[in-house]
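When you get a sec, could you build the whole thing from the sequences and use the hints?
Protein chains in written order, with UniProt numbering: chain A, 1 to 235; chain B, 1 to 235.
Calculated directly from the structure, the hints in this document are not laboratory data. For each residue, glycine too, the CB sits at the ideal point set by N, CA and C. Heads up, none of these hints are tricks.
Not close to chain B: a few residues of chain A, all C-beta gaps over 10 Å, as computed:
{"id": "1", "residue": "12"}
{"id": "2", "residue": "39"}
{"id": "3", "residue": "57"}
Listed next, with one range per pair, are the computed distances between beta-carbon atoms:
{"id": "4", "chain 1": "A", "residue 1": "124", "chain 2": "B", "residue 2": "39", "range": "42 to 48 Å"}
{"id": "5", "chain 1": "A", "residue 1": "156", "chain 2": "B", "residue 2": "102", "range": "26 to 32 Å"}
{"id": "6", "chain 1": "B", "residue 1": "61", "chain 2": "A", "residue 2": "85", "range": "39 to 45 Å"}
{"id": "7", "chain 1": "B", "residue 1": "136", "chain 2": "A", "residue 2": "23", "range": "40 to 46 Å"}
{"id": "8", "chain 1": "B", "residue 1": "131", "chain 2": "A", "residue 2": "34", "range": "49 to 55 Å"}
{"id": "9", "chain 1": "B", "residue 1": "160", "chain 2": "A", "residue 2": "34", "range": "41 to 47 Å"}
{"id": "10", "chain 1": "B", "residue 1": "68", "chain 2": "A", "residue 2": "96", "range": "39 to 45 Å"}
{"id": "11", "chain 1": "B", "residue 1": "68", "chain 2": "A", "residue 2": "36", "range": "54 to 60 Å"}
2 protein chains.
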Amino acid sequence: MREALVAAAFELFLERGFEQTTIDDIVSLAGVGRRSFFRYFPAKEDVVFPDHERGLAEMTEFLESGSGEEDPVRHACDAARLVLRMYAEQPSFSVQRYRLTRKVPGLRAYELSVVWRYEHTLAHYLRGRFAGRPDGPLRADVVAAAVVSAHNHALRTWLRSGGESDWVTEVDRAMAFVTDTWGERPAGGDQAADGDGPEEQDDVVVLVASRRAPLWRMVQGIESALGDPRRVHQD
Amino acid sequence: MREALVAAAFELFLERGFEQTTIDDIVSLAGVGRRSFFRYFPAKEDVVFPDHERGLAEMTEFLESGSGEEDPVRHACDAARLVLRMYAEQPSFSVQRYRLTRKVPGLRAYELSVVWRYEHTLAHYLRGRFAGRPDGPLRADVVAAAVVSAHNHALRTWLRSGGESDWVTEVDRAMAFVTDTWGERPAGGDQAADGDGPEEQDDVVVLVASRRAPLWRMVQGIESALGDPRRVHQD
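Below, the structure written as C-alpha cells:
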C-alpha cells in the first residue's frame with residue numbers, strides 16, 4: 001500500500017509537477033481511500049521525504065548528546081553522516097527520488113528546504129559551541145554550510161552511481177575535507193582507522209601560530225607535529 | 001506603478017501566502033491592468049526578487065572575467081560582494097522583503113532557490129579552476145557553499161540592523177573568514193587596505209607544507225613569511 005502510494009505520487013509529480021498534484025489525484029491513481037494516504041503520510045511532501053522529520057530529530061538528538069568537550073566540527077560531521085546513512089538504508093527509493101527531484105522543479109524547491117533545515121540545525125549547535133569566539137556566529141554558519149555541502153557532494157556521488165558505490169568511502173572523504181580544514185586536530189590518525197586514503201591526508205602538516213611567537217616556538221611546533229606517532233607516514 | 005504593484009503583492013503574500021496569491025489578485029488590489037504587471041515583471045516571483053536574473057548574469061560575467069591566474073577563492077568572494085552590493089543599493093526594499101520572507105513560507109522556499117542558483121554558479125566557476133586537483137569537485141562545492149553562507153551571514157546582519165549598519169564592513173569580515181581559510185595567500189595585506197580589522201587578521205601565520213619537506217625548508221618558509229613587508233604588524 002505504502003509503495004503503491006509512493007509509485008502513484010512519483011508518477012503524477014513527474015507528469016504534472018509537484019504543486020499541481022493533489023492527494024486526491026494520488027489516492028485515485030493508487031486505487032485507495034484518502035484515509036489510507038494519511039495512515040502513512042502526514043502530508044503530500046512526506047511521500048517524497050518520509051524520513052525527514054525522523055532524520056532531523058535524530059540529528060538534533062545526536063548533536064545534543066555531545067559532552068561539550070568533543071571537537072564541534074567533527075561532531076557536526078558525524079551528525080551529517082547519520083543523514084547519509086538514512087539515505088543509504090533505502091538505496092532504490094533514494095535513487096528514484098533523486099532522479100525525480102532533478103526533473104520536477106517544485107520538488108527541487110522542497111528538497112532545498114529540507115537541506116536548509118539540516119543546515120540550520122547544525123548551525124544552531126555550532127553557534128553554541130563557538131559562543132566564546134569573536135567570530136563564533138559567522139564561523140558556525142560557514143562550517144554548517146560546508147558540512148552540508150560536503151555531505152551533499154558525497155550523497156550525489158553515491159546517488160549518481162545508482163546507489164552502487166561505497167557510500168562510507170564517499171562520506172569519509174567528504175567529511176575529512178571539512179575536519180582537515182577546521183577540526184581541532186589534523187585528522188590523520190582517525191582517518192587511517194576509517195580506511196580513508198591515508199596517503200593523501202597524511203601528506204600535509206599545517207601549523208597555525210601567533211605571528212609574534214618566537215621562531216623557536218614554531219620550530220618546536222613543527223618538530224612536535226612531525227614526531228606525533230598518529231601522523232607518521234608509513235612508506 | 002511599479003511600487004504600487006510591489007506594495008500590493010507584499011500585502012497579499014503576507015495575508016494569503018505566496019502560492020495562494022495570483023497575479024490577478026495583485027493587479028486588482030493595485031488597481032491596474034494585467035498588462036501593466038507584465039511590463040514590470042516577467043512573473044510573480046519577480047515582484048519579490050526583481051534583480052535576481054540581473055544579479056546572476058553580473059556574477060557570471062564577473063567570474064568569467066578572471067584571467068585564470070587570479071586566486072579562485074578570492075575571485076568567488078568578490079563575485080558574492082556584487083550580490084550584496086545589489087541588495088545594499090535598495091536598503092528599504094531589501095529590509096521589507098527580508099521581513100516578508102521570514103513570515104511567508106512559500107517565499108522562503110523561493111528565496112532558497114535564488115540562493116541555490118548563486119551557489120551553483122560559484123561552484124561551476126570553482127570546479128573549472130580546481131580541475132587539476134584530485135579533490136577539485138568536492139573543494140569547489142564546499143568553498144562555494146562557504147562563500148554563499150558567509151555572504152548570507154553578512155547580508156542578514158545588515159538586514160537585521162534595518163539596513164543601518166555598514167554593509168562593506170560586514171562583507172569584508174565575512175569574506176576574510178573564507179579567504180583566510182582557503183585563499184592562496186594569507187590575506188593580511190589586502191585586508192588592511194580594505195580597512196578590515198587588520199589587527200585580528202595579521203595575527204596569524206599559516207604554513208602549509210608537504211610533511212616530507214626537510215625542516216630547513218619549513219623554517220625558510222616561515223622566515224620568508226615573517227619578512228614579507230605586506231604582513232608586518234605595525235605596533
